[in-house]
Amino acid sequence: MILKPSREDIKLIGWAIGRVILGVGLIMAVPLAVSLVCSEWNVALDFIIGMLACVVFWLVTESFCRTKKDLKWSHGLVVASGGWILAMIFGAIPHYLSGHFRSFLDACFDLMSGYTTTGLYLLQDLDHCSHGLNMWRHLLTYAGGQGIIVIALTFLFAGTAGAFKIYVSEGKEEKLLPNVINTARAIWMISLSYLVVGSAFLWLALLREGMPAGRGFLHAIWLFMGAWSTGGFAPQSLNLLYYHSLAVELITLVIMVIGSFNFALHYAVWTGKTKEIYQNIETRSFTLTALFGTLVLSLGFEKLGLFTNLTEFFRKGFYNLISGHTTTGSSTIYSVSFYRDFGFIAMWAVILVMAIGASACSTGGGFKGIRMGILFKYLRGEIRRLASPESAVIAEKIHHIRDIWLDDAMVKGAMFIVICYVFIYFVGGLLGVLYGYDPSVAFFDSVSAGSNSGLSAGLTGPLMPAALKVYYIFAMWAGRLEFISIIALFSFGGALVRGKKGRKR
Amino acid sequence: MRGTAVLACLVVIICGCVCALLVLCTGPATGMGQEVKVKELVENSESYDGQEVIVEGEVVGDLMIRGDEAWITVNDDPYSERSLEEGGDFAGLSNYGIGVWLPRQETEAIRVLGSYKNHGDRVRVRGIFHRVDHSHGGDMDIEGISLQVMKPGYPIRHSFSYWKLALVLALASMAACLAIVWRRRIGKTG
Amino acid sequence: MREIPDSADTSRELSRWRTIFGYIRGMFVEISAVAAISSAALLVMFLVRIVVR
Chain D
9 MILKPSREDI
19 KLIGWAIGRV
29 ILGVGLIMAV
39 PLAVSLVCSE
49 WNVALDFIIG
59 MLACVVFWLV
69 TESFCRTKKD
79 LKWSHGLVVA
89 SGGWILAMIF
99 GAIPHYLSGH
109 FRSFLDACFD
119 LMSGYTTTGL
129 YLLQDLDHCS
139 HGLNMWRHLL
149 TYAGGQGIIV
159 IALTFLFAGT
169 AGAFKIYVSE
179 GKEEKLLPNV
189 INTARAIWMI
199 SLSYLVVGSA
209 FLWLALLREG
219 MPAGRGFLHA
229 IWLFMGAWST
239 GGFAPQSLNL
249 LYYHSLAVEL
259 ITLVIMVIGS
269 FNFALHYAVW
279 TGKTKEIYQN
289 IETRSFTLTA
299 LFGTLVLSLG
309 FEKLGLFTNL
319 TEFFRKGFYN
329 LISGHTTTGS
339 STIYSVSFYR
349 DFGFIAMWAV
359 ILVMAIGASA
369 CSTGGGFKGI
379 RMGILFKYLR
389 GEIRRLASPE
399 SAVIAEKIHH
409 IRDIWLDDAM
419 VKGAMFIVIC
429 YVFIYFVGGL
439 LGVLYGYDPS
449 VAFFDSVSAG
459 SNSGLSAGLT
469 GPLMPAALKV
479 YYIFAMWAGR
489 LEFISIIALF
499 SFGGALVRGK
509 KGRKR
Chain X
8 MRGTAVLACL
18 VVIICGCVCA
28 LLVLCTGPAT
38 GMGQEVKVKE
48 LVENSESYDG
58 QEVIVEGEVV
68 GDLMIRGDEA
78 WITVNDDPYS
88 ERSLEEGGDF
98 AGLSNYGIGV
108 WLPRQETEAI
118 RVLGSYKNHG
128 DRVRVRGIFH
138 RVDHSHGGDM
148 DIEGISLQVM
158 KPGYPIRHSF
168 SYWKLALVLA
178 LASMAACLAI
188 VWRRRIGKTG
Chain R
4 MREIPDSADT
14 SRELSRWRTI
24 FGYIRGMFVE
34 ISAVAAISSA
44 ALLVMFLVRI
54 VVR
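Chains as they are written, first to last, in the working numbering: chain D, 9 to 513; chain X, 8 to 197; chain R, 4 to 56.
One thing to keep in mind: the hints can contain errors.
List time: in silico DSSO-like cross-link candidates among lysine-lysine, alpha-carbon distance up to 27 Å [said to hold, decoys possible]:
| no. | chain 1 | residue 1 | chain 2 | residue 2 |
| --- | --- | --- | --- | --- |
| 1 | X | Lys195 | D | Lys76 |
| 2 | D | Lys12 | D | Lys80 |
| 3 | D | Lys405 | D | Lys281 |
| 4 | D | Lys80 | D | Lys311 |
| 5 | D | Lys311 | D | Lys385 |
| 6 | X | Lys124 | D | Lys77 |
| 7 | X | Lys158 | D | Lys19 |
| 8 | D | Lys19 | D | Lys77 |
| 9 | X | Lys158 | X | Lys124 |
Partner residues are not named here, just some residues of chain R that face chain D (Cβ under 7 Å, in silico) [what the hints assert, rightly or not]:
| no. | residue |
| --- | --- |
| 10 | Glu16 |
| 11 | Gly29 |
| 12 | Val32 |
| 13 | Ile40 |
| 14 | Ala44 |
| 15 | Val51 |
Distance windows between CB atoms, simulated [what the hints assert, rightly or not]:
| no. | chain 1 | residue 1 | chain 2 | residue 2 | range |
| --- | --- | --- | --- | --- | --- |
| 16 | D | Tyr443 | X | Arg131 | 34 to 44 Å |
| 17 | R | Ser18 | D | Glu16 | 26 to 36 Å |
| 18 | D | Leu254 | X | Asp75 | 14 to 24 Å |
By construction, these hints were calculated from the structure, which means they are not laboratory data. We put the beta carbon where it would ideally sit given N, CA and C, even for glycine.
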């Protein structure tokens with residue numbers, strides 16, 4: 009029997025989501041400040057409107073949704089998934105007011121793409137975009153990569169026992185520190201440290217490449233945010249190709265790979281367990297799949313006689329492969345080049361690595377390296393079991409910060425999520441084919457959306473069908489939250505409609 | 008007979024002078040570049056590879072000077088005629104442009120670069136299109152030979168949005184009222 | 004009131020510097036890991052080139 013959620017449950021969820029939306033409003037202070045410094049007055053008004061809308065929503069929830077009840081797992085899941093949808097709607101206000109989006113749906117697409125660190129975009133005329141709006145776009149990926157719930161936890165949920173439940177519901181299971189608020193703050197400490205170092209190096213590289221100091225500084229921060237968060241947004245329409253710089257590409261490559269590592273791995277390495285970097289199942293899995301992807305890519309290029317010298321292979325082939333594998337989406341080639349120039353083999357190498365994705369509890373998407381590791385070890389265990397006597401006891405383990413023995417529940421869990429990802433990739437690809445796009449292009453962009461990669465073979469754009477836009481928003485959202493909280497949200501909705509009232513005690 | 012020969016010589020000399028004048032007036036190396044859109048180049052890169060092309064559009068972003076050469080980005084999408092900030096219509100794309108590298112002195116004529124605040128100089132660039140530029144890490148770009156500024160850039164006028172200001176005031180009032188309601192409810196529940 | 008001895012301040016200071024050193028070392032380790040993966044990938048590309056040609 010499905011129990012109908014009570015009024016208190018709805019109030020609790022509303023109250024928690026109100027805090028998340030307040031967090032979104034507070035972050036808008038950064039692009040507001042940039043707009044004011046750059047004398048972009050109309051842009052400043054856009055952000056003030058966005059902030060006030062968030063504050064109004066928060067005040068409504070604080071006034072009418074106060075409850076003494078504490079968050080349970082079911083609430084946490086609904087807050088995470090529902091919070092993301094509302095954060096998308098409120099965050100899209102400055103986007104839509106900028107005049108660079110044909111419709112509010114397009115603005116929501118870009119918001120979801122930013123929060124989920126995908127990097128696909130429908131914004132038009134990016135090269136005439138304001139600094140304020142560019143700051144918001146890039147900050148979205150930085151905030152989304154941390155997890156907008158993590159942000160809310162850091163500042164707005166101090167002292168509540170239910171905070172951990174919301175944190176896990178956002179697709180992060182790693183508990184760096186006993187207190188989840190401290191875990192969120194540790195994640196920020198790591199991110200901000202790299203922000204300072206990475207931006208400094210990028211700024212120096214851009215100055216060397218002839219950019220003026222002021223614009224170079226902003227571009228350095230934006231490029232860092234795009235790479236670290238594995239978002240892939242860039243301030244110019246040519247993306248990384250705009251800079252024509254090996255130095256910038258090298259630095260962003262390092263940042264995007266490090267950004268795709270699990271935060272628990274960062275914490276372990278930073279606090280003295282340096283061996284973890286090569287013992288960890290995810291770095292091993294990533295290395296193996298990256299090398300396999302490189303092998304297939306090289307074969308594809310050799311067949312076509314394209315990018316055959318080392319520098320060109322590194323800058324045009326390997327860079328884009330790793331950008332896809334870390335689910336960043338920064339690109340040093342035109343979108344159509346994936347389809348027209350890469351050829352079938354190289355293009356599918358990129359699709360495969362995008363599908364696999366980055367590490368769990370990182371800013372990356374896709375199946376995740378840990379699941380690839382779990383499934384590989386499971387398969388190896390099964391093969392060994394078949395080859396061994398019946399009485400033999402075969403057990404496999406993985407190393408992820410500590411040694412973990414594989415059990416059926418873990419394997420089933422990994423397989424379930426992988427199947428969900430394959431399903432959304434397939435449905436998106438099929439939809440693209442039904443709309444008349446080339447199958448390789450359709451699957452490329454569908455996998456890119458579902459794995460939150462952001463590379464495009466030319467399908468994604470303002471003129472794509474509305475149904476595909478809506479599906480890609482769903483795929484980005486579901487992929488980022490790893491399905492469990494999405495299923496919980498739909499179950500909650502179903503229970504609201506069909507559930508029976510619980511007995512009053 | 009003699010008169011005809013003299014006439015023929017005069018004609019040859021005059022033609023030669025006219026040709027020399029034409030060469031001097033049109034500047035160095037008159038190629039046979041074809042005017043083409045960037046979208047056409049990118050989507051048919053193999054057929055245009057190594058050919059001399061002419062691209063006309065708006066210079067956007069930055070002029071990146073690196074020693075003796077400089078990089079610019081030239082956009083020739085509909086926004087290069089009239090950007091969204093100037094009230095242009097939606098064209099269904101972000102932008103379409105290409106990187107051009109030129110001898111530094113060719114870029115000295117560029118004064119305004121396209122951005123939020125400015126509509127950049129409209130330039131006509133003649134150069135060699137490279138599908139894979141081996142001297143620049145495999146970039147798809149144009150090796151510029153010459154650049155001409157066709158129309159100078161100008162600042163974009165952003166008139167203040169009073170309706171947005173009105174919306175700000177309305178939302179601020181709403182927030183103030185709700186804050187009062189919230190304080191009262193906190194006071195009641197304790 | 005008992006005064007806190009200087010050695011406690013010194014050891015707190017040392018601990019803070021050790022922590023910062025640990026963070027910097029951690030960054031270097033991670034950057035080296037990326038360099039190692041990239042080098043391995045370029046080696047793969049090189050080997051493919053030799054085998055195919």
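Hint-by-hint comparison with the structure:
1. Lys195(X) <-> Lys76(D): It holds: about 15 Å lies between the C-alpha atoms, which stays within 27 Å.
2. Lys12(D) <-> Lys80(D): 15 Å, holds
3. Lys405(D) <-> Lys281(D): 20 Å, holds
4. Lys80(D) <-> Lys311(D): Outside the cut-off at roughly 56 Å; violated.
5. Lys311(D) <-> Lys385(D): 33 Å, violated
6. Lys124(X) <-> Lys77(D): 52 Å, violated
7. Lys158(X) <-> Lys19(D): Cα-Cα ~61 Å, so violated.
8. Lys19(D) <-> Lys77(D): Status holds; Cα separation ~9 Å.
9. Lys158(X) <-> Lys124(X): Measuring from Cα to Cα gives roughly 17 Å; hence the hint holds.
10. Glu16: 19 Å, violated
11. Gly29: With a minimum Cβ separation of about 3 Å from chain D (threshold 7 Å), the hint on Gly29(R) holds.
12. Val32: Since the shortest Cβ distance to chain D is 5 Å, the answer is holds.
13. Ile40: 5 Å, holds
14. Ala44: 4 Å, holds
15. Val51: 4 Å, holds
16. Tyr443(D) <-> Arg131(X): 34 to 44 Å: Given a distance of about 38 Å, which is inside 34 to 44 Å, the answer is holds.
17. Ser18(R) <-> Glu16(D): 26 to 36 Å: 46 Å, violated
18. Leu254(D) <-> Asp75(X): 14 to 24 Å: With Cβ atoms ~18 Å apart, the hint holds.
The structure fails to meet hints 4, 5, 6, 7, 10, 17 from the earlier list, while all remaining hints are met.
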